Amino acid sequence: MGVFILRRLLQSALVVFAMATLVFFGVFAVGDPVWMFISPDMTQADIEQVRVSLGLDLPLWRQYLIFIGNAARGDLGVSFVFGEPAMEVIIQRMPATLELAFTALLIAVLFGVPLGLYAGLFPESFASRGIMAGSIVGFSLPNFWVGIMLIMVFAVVLGWVPATGRGDTATYFGITSSLFTLDGLSHIALPAFNLALTKLALVIRLTRAGTREAIHMDYIRFARAKGLSERRIIGVHLLKNIMIPVVTIIGLEFGTLVAFAVVTETVFAWPGMGKLLIQAIQQLDRPVVVAYLMLIVFLFVIINLVVDILYSMLDPRVRLGDSRA
Amino acid sequence: MKRTSLAALSSAAVLMALSTPALSASVTIAIGSEVTSLDPHYHNLSPNNMMARHVFDQLIGQDHNQTLVPGLAVSWEPINDTTWEFKLREGVLFSDGTPFTADDVACSFERAPDVPNSPSGYGTYLNGKTVTIIDDYTVHISTEAPYPLMANDISTVPVISDSVGCSGTTDQFNDLTAAVGTGPYVYTDYVPGDRVVMGRNPNSWRGEAEWEEVTIRMIGSDPSRVAALLAGDVDMIGQVPTVDIPALEANDDIVLAQGVSNRVIYLHMDHFRDASPFVMANGGDDIVNPLRDTRVRRAISMAINRVAIQERVMEGLSIPAGQLLPDGFFGVSDNLSAWEYDAAGAQALLAEAGYADGFELTIHTPNGRYINDTRIGEAIAQMLTRIGIRTSLEAVPTNVFFTRASRGGPNETPEFSFILAGWGAGSGEASSPLRSLIHTHDPANGFGASNRGRYSNAEVDAVIEQALVTVDDTERAALLAQATEMAIEDVAIIPVHYQVNTWAAREGLTYTPRTDEYTLATGVTAN
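Chains as they are written, first to last, in my numbering: chain A, 1 to 325; chain B, 326 to 852.
It is possible that some hints are incorrect.
[As the list claims (entries may be wrong)] What the simulated footprint calls covered on chain A by chain B, stretch by stretch (three residues with Cβ under 8 Å from a Cβ of chain B suffice, anywhere in the stretch; the number is not a length): (1) 50 to 63; (2) 114 to 122; (3) 170 to 184; (4) 210 to 221; (5) 241 to 247; (6) 257 to 269; (7) 277 to 286.
[To be verified] Computed, partial: chain A to chain B, Cβ under 7 Å: (8) Ile148; (9) Ile151; (10) Ala155.
Bear in mind the hints are in silico, worked out from the structure with no lab data behind them. On a predicted model such as this, the values are computed, not experimentally measured, just so you know. Ideal Cβ placement from N, Cα and C applies to all residues, glycine included.
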């Protein structure tokens, strides 16, 4: 298992490097960031001086070599916009995004698995048809539209929760989060549900499909023949077997929740990383864009690793050393 | 979709407003752009400058019409051709209790152009100026040549404290330790990308500020900002999108404040190339650039129905423009008004210039930089097509547009032939657009930095340069007006309209609109 993890990490270093290179040249190709920073009153000499001070006057290959050299020492550059190390700017906004993604995932699993299970066990019932129809809606409505509708209904019309922003935070066990305060919870409810919606639909459909398939398997029939209680058959034998695809998908989806909560964060003015990424792209803040995507690649590699390890725990037949990822 | 949704919103908001508790001592304001630092010298950027005005003062302030008013200086005047004397306000204390003196001015002006990692600082306003301390409350600022815009330049630079601010790093401003000023408020909390919270400055020389607590929230998404107001999350918003204005107007619980801005939306066209890349004969053949013919430019200006754009595209929120700054600003001409719409006359002029059958043209606009920029471009393209200039539109993302429009072509020349752009006169007077947009592109002397059409007219240049060394206000105003008239007569650029900005607040608040488009808590009062 140690060798397996090591090989994975080495592979990931290569992917991160390739990614950084692509993004570096990609952002450069978009345009010259200097025009996003200057004030219109500046003279050409002032503009040129800004270009020099940001190192943008150098030929592209030299900028790239400097970037790679610094990155190898763990320095991903200073944000053009914020003047602080790019990674610091991102990490600063990470807790907000993590708590949003975590809450969304929790909603997706806590509601999705039971609903999917029900729909799988009683496929013909009226409620099941309702659940499945609902999941299609969850899939197909555009995220930003649902977000604005949620704000309209629950914040503007009903006035139950605030429309935008992150609430008060509190610190327990060294973790500062808005999940620990009532104000924070009322703020996170809408964006988390908005973010969870497509994942919820996904979990419902996966669980239902798995249930429909597993329910006719020999081991379930055998368990029934043995006279096990229905609760134990579903809760242990069935659920454990259908969880493998669900865990895989959830793992990967957690990555996308963290990395690309862009739309939800923008609509709900949630001060997280996604909002930062959009802003960095708009302003051509290359160090932040590059650092962000490197971080995300790294995150996905780790998540995949954790998923693989979880597999081996859920299904003893899986041996980590054998898999070639 | 947006329109219907907000119509539904407005009726619902009636209920909401009744249940929103009135918080008399505090106000929450949402702005559409993001503050990137609390260091007032770090980046000369609108949202940062706007935020800094709550906590820091300049020697000279700008009121809501950008008229210069005494700030930390009580008077300023030239004492000879190249030196200005500033008399400082006595008895002013910083928020930490230290007294304000000339040392603070000197060190602020030293730090402002030279902050580490700054993407663009205050060098534009301070380079070439020497600060001399005469006594604690007198400062002389001198230049090598006569410099009439001294007061305008000085009005942009925030003054920080010699004891903690000038030695402070940008980080120390962001964690509030160095953010000590003389303004009406002090920072109490800063969450990057989310909010800035301020309290009253106990030592403010203006007396007690209106609000005990001010929260400025950054909500970039337009519908979300409007929803935040309707839901009662915030008390006031800036940058109200034009599509939402009718619904907000109909809402009894929302009051709007509207005012013309210093920003003109204009068209720049290729004055310098005979073969312009986005101008073609009908059918796509090469053509000698017709935009160099004054008659063609005049025809284009006449073909644009500015009133229709005002009514249909801008929901009434623009003022048809005939020059570079709206009436009332320093140095504008009294003789210029917006071109009358005259399609027949435009066609006749085109025929006279030898283009009776028109030609093909592409107009490039940024996408999202100015209010309804792309939609204005669409309207103009249709209007030009009507007189025979078959015009297509290409909307370019803002972050690409300015690079390409400024130096995207061969040898770093402007890439486009015909663009829509905007100019806000930060100095609040006419020399700002004249020197950047109209004067010949001249990097060595700092002229024509944004002259993306490369218009060049030696006579106009001479008048602008003359104005820039004329210290006497009356004479300078006359010269600026003269330069503007010459440039407009020659159709150097085609002004379309002046933007009108809108703020929306809950009933019970009043906002004084500002020409510089800033959203300031100091302009909000409770009725």
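Against the structure, the hints:
1. 50 to 63: holds (count 3)
2. 114 to 122: violated (count 0)
3. 170 to 184: violated (count 0)
4. 210 to 221: Violated, because only 0 residues of the segment 210 to 221 of chain A bring their Cβ atoms closer than 8 Å to Cβ atoms of chain B.
5. 241 to 247: violated (count 0)
6. 257 to 269: Coverage by chain B holds here, the residue count being 4 at a Cβ distance below 8 Å.
7. 277 to 286: Holds: 5 residues of the segment 277 to 286 of chain A have a Cβ under 8 Å from chain B.
8. Ile148: This hint holds: Ile148/A lies near chain B, its Cβ roughly 6 Å from the closest one there, short of 7 Å.
9. Ile151: holds, 5 Å
10. Ala155: holds, 4 Å
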